[in-house]
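For what it's worth, my numbering labels the leading residue of the sequence shown as 4, then goes sequentially.
No lab work stands behind these hints, which were simulated from the structure alone. Built from N, CA and C at the ideal position, the CB exists for glycine as well. Take these hints with a grain of salt, some might be off.
Subject to a maximum C-alpha distance of 30 Å in a straight line, what follows is the list of computed DSSO-like cross-link-like pairs (lysine-lysine) [to be verified]:
id	residue 1	residue 2
1	K23	K101
2	K101	K72
3	K31	K81
4	K97	K72
5	K110	K72
6	K110	K97
7	K23	K97
8	K110	K23
9	K31	K16
10	K72	K23
11	K81	K97
12	K16	K97
13	K101	K16
14	K72	K31
15	K81	K16
16	K31	K97
17	K110	K81
18	K31	K110
19	K101	K81
20	K31	K101
Between beta-carbon pairs, the in silico distance windows are [unchecked claim]:
id	residue 1	residue 2	range
21	L26	V132	32 to 40 Å
22	Q24	S136	39 to 47 Å
23	L135	Q24	40 to 48 Å
24	D90	S136	42 to 50 Å
25	Q104	G44	27 to 35 Å
26	D90	K16	44 to 52 Å
27	A87	V48	20 to 28 Å
28	G44	L96	37 to 45 Å
29	T50	Q24	26 to 34 Å
30	Y129	G19	21 to 29 Å
31	S33	N64	16 to 24 Å
32	M47	T85	18 to 26 Å
33	E127	K16	22 to 30 Å
34	E123	K97	38 to 46 Å
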Amino acid sequence: QLLPVSGEHLGIKVHGFVTKQELDTFYKRSEIFVFPSQLEGHGMVITEAMQYGCPCVAFNNSAMPYTIKNGIDGILVKHNDTEAFADAVEDLLKNPAKRQQLYCGMKQSIAELPGEEGFEQGIEQYYQVLLLSR
Numbered sequence: 004q005l006l007p008v009s010g011e012h013l014g015i016k017v018h019g020f021v022t023k024q025e026l027d028t029f030y031k032r033s034e035i036f037v038f039p040s041q042l043e044g045h046g047m048v049i050t051e052a053m054q055y056g057c058p059c060v061a062f063n064n065s066a067m068p069y070t071i072k073n074g075i076d077g078i079l080v081k082h083n084d085t086e087a088f089a090d091a092v093e094d095l096l097k098n099p100a101k102r103q104q105l106y107c108g109m110k111q112s113i114a115e116l117p118g119e120e121g122f123e124q125g126i127e128q129y130y131q132v133l134l135l136s137r
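Could you put the whole structure together from the sequences, leaning on the hints where they help?
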């Protein structure tokens, strides 16, 4: 069930579509990234947030565990446990040392991501395996 969000008392404002420049500004101002998605093929936005140094809180579902290493570069919460999710967000907001620890993990995770050339090689290898398995 979706609840209406007036947001003023929570400090929440829904912006809708934003430009790339506005998005860049939002990321740079953010302490954490909250991603309460119930189903994702791949949470590319999580990787984007990590590149800006924003530790992410997400549910442990679909592709999230492939992007977030729980406790190392972000926080994964049991799927649909909204109370634990809220607790994880609150904990990160109140705990700068934990955010710093996750930031260090994110730097390592981002450094390990393949660049464009590595991505192309991975796709080529994948297709080679498919062709050989026929």
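So, going through the hints one by one against the coordinates:
1. Proposed proximity of K23 and K101 is supported: the alpha carbons are some 29 Å apart, at most 30 Å.
2. Taken as a hint, the K101 and K72 pair is honoured in the structure, with Cα atoms around 14 Å apart against an allowance of 30 Å.
3. The suggested pairing of K31 with K81 holds, with an alpha-carbon distance near 28 Å, which does not exceed 30 Å.
4. Restraint check: the Cα-Cα separation between K97 and K72 comes to about 21 Å, which is no more than 30 Å; the hinted pair holds.
5. Distance restraint check for K110 and K72: the Cα-Cα separation of roughly 12 Å lies within the 30 Å cut-off, and the hinted pair is therefore satisfied.
6. About 21 Å separates the Cα atoms of K110 and K97, which keeps this hinted pair within 30 Å; it holds.
7. A hinted pair counts as satisfied when its Cα atoms are at most 30 Å apart, and K23 with K97 qualifies at roughly 29 Å.
8. For the given pair, K110 sits about 22 Å from K23 by alpha-carbon distance, which is consistent with the 30 Å threshold.
9. Note on K31 and K16: the hinted pairing holds, with a Cα-Cα distance of about 17 Å set against a maximum of 30 Å.
10. Simply put, K72 and K23 have alpha-carbon atoms about 27 Å apart, close enough for the 30 Å limit, and the pair holds.
11. Using a Cα cut-off of 30 Å, the hinted pair K81 and K97 holds, with the two alpha carbons roughly 21 Å apart.
12. Using a Cα cut-off of 30 Å, the hinted pair K16 and K97 holds, with the two alpha carbons roughly 21 Å apart.
13. Distance check on the hinted pair: K101 and K16 sit about 26 Å apart at the alpha-carbon level, within 30 Å; holds.
14. With a CA separation close to 22 Å, the supplied pair K72 and K31 stays within the 30 Å bound.
15. A C-alpha spacing of about 27 Å is found between K81 and K16, which places the hinted pair at or below 30 Å, so the restraint holds.
16. For the hint linking K31 to K97, the alpha-carbon distance of about 19 Å falls within 30 Å, and the restraint holds.
17. Simply put, K110 and K81 have alpha-carbon atoms about 25 Å apart, close enough for the 30 Å limit, and the pair holds.
18. The hinted pair formed by K31 and K110 meets the criterion: a straight-line CA distance of about 15 Å does not exceed 30 Å.
19. Between K101 and K81 the CA atoms are separated by roughly 19 Å; this keeps the pair inside 30 Å, and the hint holds.
20. Of the pairs offered as hints, the one joining K31 and K101 holds, with about 18 Å between alpha carbons and a cut-off of 30 Å not exceeded.
21. Checked against the hint of 32 to 40 Å, the pair L26 and V132 passes, with Cβ atoms roughly 36 Å apart.
22. At about 46 Å, the CB distance of Q24 to S136 agrees with the hint of 39 to 47 Å.
23. Distance hint for L135 and Q24: a CB-CB separation of about 46 Å, consistent with the stated range 40 to 48 Å.
24. Taking 42 to 50 Å as the suggested C-beta distance range, the pair D90 and S136 conforms, at roughly 45 Å.
25. The beta-carbon spacing between Q104 and G44, approximately 29 Å, falls within the hinted interval of 27 to 35 Å.
26. Evaluation of the 44 to 52 Å hint for D90 and K16 yields a failure: the beta carbon distance comes to about 23 Å.
27. The hint said 20 to 28 Å for the Cβ distance between A87 and V48, and at roughly 21 Å that hint holds.
28. The given range of 37 to 45 Å is broken by G44 and L96, whose C-beta atoms sit roughly 29 Å from each other.
29. At about 20 Å, the beta-carbon gap between T50 and Q24 misses the expected band of 26 to 34 Å.
30. Between Y129 and G19 the Cβ separation comes to about 37 Å, which falls outside the hinted range of 21 to 29 Å.
31. Our hint of 16 to 24 Å for S33 and N64 holds, since their Cβ atoms are close to 22 Å apart.
32. M47 and T85 have their C-beta atoms about 24 Å apart, which keeps the hinted 18 to 26 Å range intact.
33. Restraint check, E127 to K16: a C-beta distance of roughly 45 Å breaks the suggested window 22 to 30 Å.
34. For the hinted restraint 38 to 46 Å between E123 and K97, the CB-CB distance of approximately 43 Å keeps it satisfied.
Hint check: violations occur at hints 26, 28, 29, 30, 33; the rest are consistent with the structure.
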